[in-house]
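*Asks:* In case you want the letters, here they are:
Number of protein chains: 4
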Amino acid sequence: MYFASDNSGPALPAVLQAMIDANAGYATSYGDDALMDEVRDRIRTLFEAPQASVYLVATGTAANALALATLSQPWQTVFCTPLAHIHVDECNAPEFFTGGAKLSLVGQADKMTPDELRQAIAAWPKGDVHAAQHGPLALTQATERGRIYSCQEIAALCTVARDHGLPTYMDGARFANAVAALGCSPAEMTWKAGIDAVSMGGTKNGCLGVEAVIFFAPENAWEFELRRKRSAHLFSKHRYLSAQMLGYLRDHLWLETAQEANARAARLATGLRSVPGARMVFERDVNMIFASLPRATHQRLKTAGAVYFLYEGPLDTGPADEPLLARFVCDWSITEAQIEAFLSVARGD
Amino acid sequence: MYFASDNSGPALPAVLQAMIDANAGYATSYGDDALMDEVRDRIRTLFEAPQASVYLVATGTAANALALATLSQPWQTVFCTPLAHIHVDECNAPEFFTGGAKLSLVGQADKMTPDELRQAIAAWPKGDVHAAQHGPLALTQATERGRIYSCQEIAALCTVARDHGLPTYMDGARFANAVAALGCSPAEMTWKAGIDAVSMGGTKNGCLGVEAVIFFAPENAWEFELRRKRSAHLFSKHRYLSAQMLGYLRDHLWLETAQEANARAARLATGLRSVPGARMVFERDVNMIFASLPRATHQRLKTAGAVYFLYEGPLDTGPADEPLLARFVCDWSITEAQIEAFLSVARGD
Amino acid sequence: MYFASDNSGPALPAVLQAMIDANAGYATSYGDDALMDEVRDRIRTLFEAPQASVYLVATGTAANALALATLSQPWQTVFCTPLAHIHVDECNAPEFFTGGAKLSLVGQADKMTPDELRQAIAAWPKGDVHAAQHGPLALTQATERGRIYSCQEIAALCTVARDHGLPTYMDGARFANAVAALGCSPAEMTWKAGIDAVSMGGTKNGCLGVEAVIFFAPENAWEFELRRKRSAHLFSKHRYLSAQMLGYLRDHLWLETAQEANARAARLATGLRSVPGARMVFERDVNMIFASLPRATHQRLKTAGAVYFLYEGPLDTGPADEPLLARFVCDWSITEAQIEAFLSVARGD
Amino acid sequence: MYFASDNSGPALPAVLQAMIDANAGYATSYGDDALMDEVRDRIRTLFEAPQASVYLVATGTAANALALATLSQPWQTVFCTPLAHIHVDECNAPEFFTGGAKLSLVGQADKMTPDELRQAIAAWPKGDVHAAQHGPLALTQATERGRIYSCQEIAALCTVARDHGLPTYMDGARFANAVAALGCSPAEMTWKAGIDAVSMGGTKNGCLGVEAVIFFAPENAWEFELRRKRSAHLFSKHRYLSAQMLGYLRDHLWLETAQEANARAARLATGLRSVPGARMVFERDVNMIFASLPRATHQRLKTAGAVYFLYEGPLDTGPADEPLLARFVCDWSITEAQIEAFLSVARGD
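Protein chains in written order, with the working numbering: chain H, 1 to 349; chain L, 1 to 349; chain S, 1 to 349; chain B, 1 to 349.
A portion of the hints provided could be inaccurate.
Treat identical chains as interchangeable: a pair holds within one or across any two.
[As the list claims (entries may be wrong)] Straight-line distance between alpha carbons at most 20 Å, and here's what the computed DMTMM-like set of lysine to aspartate or glutamate pairs gives:
id	residue 1	residue 2
1	K192	D89
2	K126	E219
3	K126	E312
4	K192	E256
5	K192	E340
6	K126	D89
Everything labelled a hint here was simulated from the structure, so no lab data went into it.
Keep in mind it's a predicted model, so treat the numbers as computed, not measured.
Okay, chain H solo, but in the shape it has when bound (with noise of 0.2 Å):
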């Protein structure tokens, strides 16, 4: 009953043996490998823009800090949520990437609206050589709570980048997550809707740690390879990011995953509807469930063995009935018993 994180799962079989297929013979070093290539193509072709460029970086905190660093300027500042992974779990890795560049955070959760945006950036004056300067938005989809823009959120905070000549870059870390919740294309929930960058996240869902990092426009692609490689996140044996990602992309294998992590999630939401005195913190979205369960009831799972990631405390002392936020993801090789029997201690059965 493992519902900790979506990247404490095993990689899916179709990716590994991807990358037993690709290890035979020799293969060009450093990205140069024919596997990319097809990497490459395919990614263009799922986003419908031919003119991408596209890299593959080995974890999802190198994509956000190598993307925003190259979409911005050490004096500017970047514009995210409170809650945004790239404030709170990267260890200032957007503030050393991009060489001093600071963080504005954007309204009080982990969606922003348009007129939060707006304020954000207002209160830094433009052309004021004393103040941090308007940098890049960084969007999550889904977002660190498993919620989601919808594409015509997106396309509106966009605009307000686009109002201030801000270029715009979407955390998809869980990114198949939110295609399969939307339900639209890959393209639709990017660049149509004004996202210049995007990481698509294999890791999360499925990968053994890979992600690609996708700008529409061509102009930043020698800039990025460079930081890439002065960064260190360069593979010489690139073939096996590659082949991760071919697998993963292979057959509709990302989208599928996600579709599955996802209607277990929903499974286990419904499910939790019964259990007495929990309380849904979110819709739930995508993958991810914020709920509040009493401290009995969590008692009884961490008994059972259930892991998973309790926000408030303590477990062991207070009223029985006290509620108690936690987290629960599912990744994509839960199965739907694990759920059950979850669900069944959680009830009381």
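The hints should help you fit chains L, S and B onto chain H, whose structure is shown.
*Replies:* Structure of chains L, S and B alone, referenced to chain H:
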């Protein structure tokens, strides 16, 4: 007939199998996986260093840049040879990770001498606020030209560093090849000779992409972890780095693989001596050979499909007997038959 | 009628005379001039801190950014208010000098409370490699809104910092004005209250451009010197910084100048209370007043040639009685006659 | 008998007087003072460059590091000589301000040749993502050894840079001395020879602390302003920088002062030729002389109170006739009588 680099060959089957074996069930992410505990234990045992801090990263440049940044300050200068990978091949990664430290070039070749090191240190007056301050010594073992320092040579250089209070780092991208050539123990080649931190490369010797960074003194541990995270080199699904390194460490595979690659290069070197017009630039120490061959010989080899790095040119025009410098690297997967075929073409049989 | 800023007025004659006096013969460069010895002695005596390290730089931003960089690490976060000069007015200088540290904003105003500080620290989980690590507390005294912390308030905040092992810095661009307002000693307002490092501004209080940076513990001295040189803030003809600071320190000039500026602002504040429609936003503490006046009053003042900073607008169109926020700063050179003239216009006499 | 450096002498009375004159009434801060308008006009006229961007900073290192950072990228390498101030005397300031660019050393001396520059550029393969990328050429005029490039030599070096698409910077800490020695115009020595940006030093030639940075193409202006602010080099009371530079520019003072300092050094050089055992290392070009004198002569001079920089030693022990290298700098304030007194002691009259 691939002699381009030891990073263009396939991974060892046992390393790949270890990854496949690791792909079951859930594992704690971000370096807290159980496999990493075994890696740490094995490396501490191998290096006879029970207190050592052990970390894994995916690229050699990450290992170098993170270790050097941990051992230095931005106002210092690293001491390395003009051929050092950190100077020549990393697109300023050391300067980036250190926050702007300088690299001072010692001597003229791929190996430095104690006298050259002393002179390079003396060139920066100690305690002068205008000067770059003295920072770490960085050696490459085996060197970028495929040569090795003896343990005595390492100790002599580390003594110079110690006399000036400087920490010492060994870039061990080809660590195993050097140990195999010297027939010494890992401890003898590192901390017993005065090395403070070392990278033990896996990537060039049969892994997909993994390098261990080892600090023999424990005081740098937490800073290294923060630097690794901040530079996006902490893997969420870390088990796949651990598994590679485990497969590599088990059954002396790391050493045997290097011994075989070295032996193949020895055979190639011996054979080249009978090639008309061939001249070895250095004595062969490990799995890399620098030799000049007549242009006509290169033309014959390239026509026959041999792949290797040619330093001088042009290949197509010029005197048939003009010697052109080239590098030949034997990775673990090269076969004796391939070497004999190569030599046969070279000799013009 | 100039109330724009305390950095738009002239320098004190005694400060200028000290520079003229210093302009004779030869002096050792780069901070080893004899005048600096006297500066160091005087500041140590003034602060009752015989071990303090004392340095001079030419700008307040240099003082702030260098001191914070010396007290922090790139993976840490500084704690300051959302109105702090280091956040709002330095074009990311702290991020640049620290190598990419983050600024975490405490509370909502120009002064923070211990509870707000505790919450801001708690928002970053201690020892979590993904989070920004806890770094220095930075207070501004007097604040950017012209208010002051009492010595007790400073001590309470420093206690919170000390409880978390965090160093503490005071941005004293208006240090003298705060000491004058509190009637305390420099020691009481700094190290006796728990401050580790402070800037003592001269520029805003009658110097041409000089700020002292004082570390009460000696261990940061050499690092600060290297950081100052590396950031190009070590003056070759340092005697002119020393001379300014000497002229400023002699005969209690620093304190008397601030007392006079504060007194002028007190008169202005008293006078503004009799201006119809005027409203003070804060109680006046030092030489800066935030007040809203009706648009018509502003129009009259601007027409009469008064210079000051208007936060809200537009000035030209809108209801005559709409209150618009403005800032009025009294520098040392403003005269009582100018203040009376200003008030007369404001009242519409 | 002070020959230590041209930054240990006093400031020119006219420069100081200009500061005194500027110290009246209010002036807009942060570079928008009226005096700066006059500085800008005068420098544009002097350089016959009506479109030039002109900025003031207080130190030569700030001028160099800010200009180079503006002209380069962090993944590039600057090309300079091994004796360049930016390499030897700035504690890694260029590496800091550029965000980690590398300095590649050209040739072996204080002056480089076109062939040496071509070789240094060719050492970094163009367009190779592993290599440091080609960045700006940085010349020092006059050099750190007191020599000058002719305008033809500058043009030849800039042509090499231009052939590779590299921008060009001139460190003009002793700009005036070089113009005085060449008898050319500022335009001839800079943009007419292919220089893109230059610093025109005031500090070493009689100012207190001011350097102009001039970009002949306007596209770098705003970025430079942001970099200046972000590095804390934008002065609030900027009028005192403007006034110094104005005093320096008026009545050809900058040029006449340099002419006089050069003439003093010429007299010193002539006199040294008659000192037994003296040997000039270079022909004298400007106000700086490198000469070796017998140990006994140095001993006599030091005993007599002469102050200058001795490169070789020890002074106290060793053969009386052993030649020891020293540097003698004539600043504007040195008198003919002092020089004659010095020579008399040197000759042992």
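*Asks:* Evaluate each hint against the coordinates.
*Replies:* Hints and how they fare:
1. For the homomeric pair K192 and D89, neither the shortest alpha-carbon distance inside one copy (29 Å) nor that between copies (37 Å) is at most 20 Å.
2. For the homomeric pair K126 and E219, the shortest alpha-carbon distance between copies (19 Å) is at most 20 Å, but the shortest distance inside one copy (25 Å) is not.
3. Proximity of K126 and E312 under a CA criterion of 20 Å is satisfied inter-copy only: 16 Å between copies versus 41 Å inside one chain copy.
4. Taking CA atoms no more than 20 Å apart as the test, K192 paired with E256 passes in neither setting, with 23 Å inside one copy and 54 Å between copies.
5. In this homomeric assembly, K192 and E340 never come within 20 Å of each other (Cα to Cα): the closest approach is 40 Å inside a single copy and 57 Å across copies.
6. In the homo-oligomer, the alpha carbons of K126 and D89 lie at most 20 Å apart only across protomers (13 Å), although the nearest pairing inside one protomer, at 29 Å, exceeds that limit.
When held up to the earlier numbered hints, the structure conflicts with 1, 4, 5 and fits the remainder.
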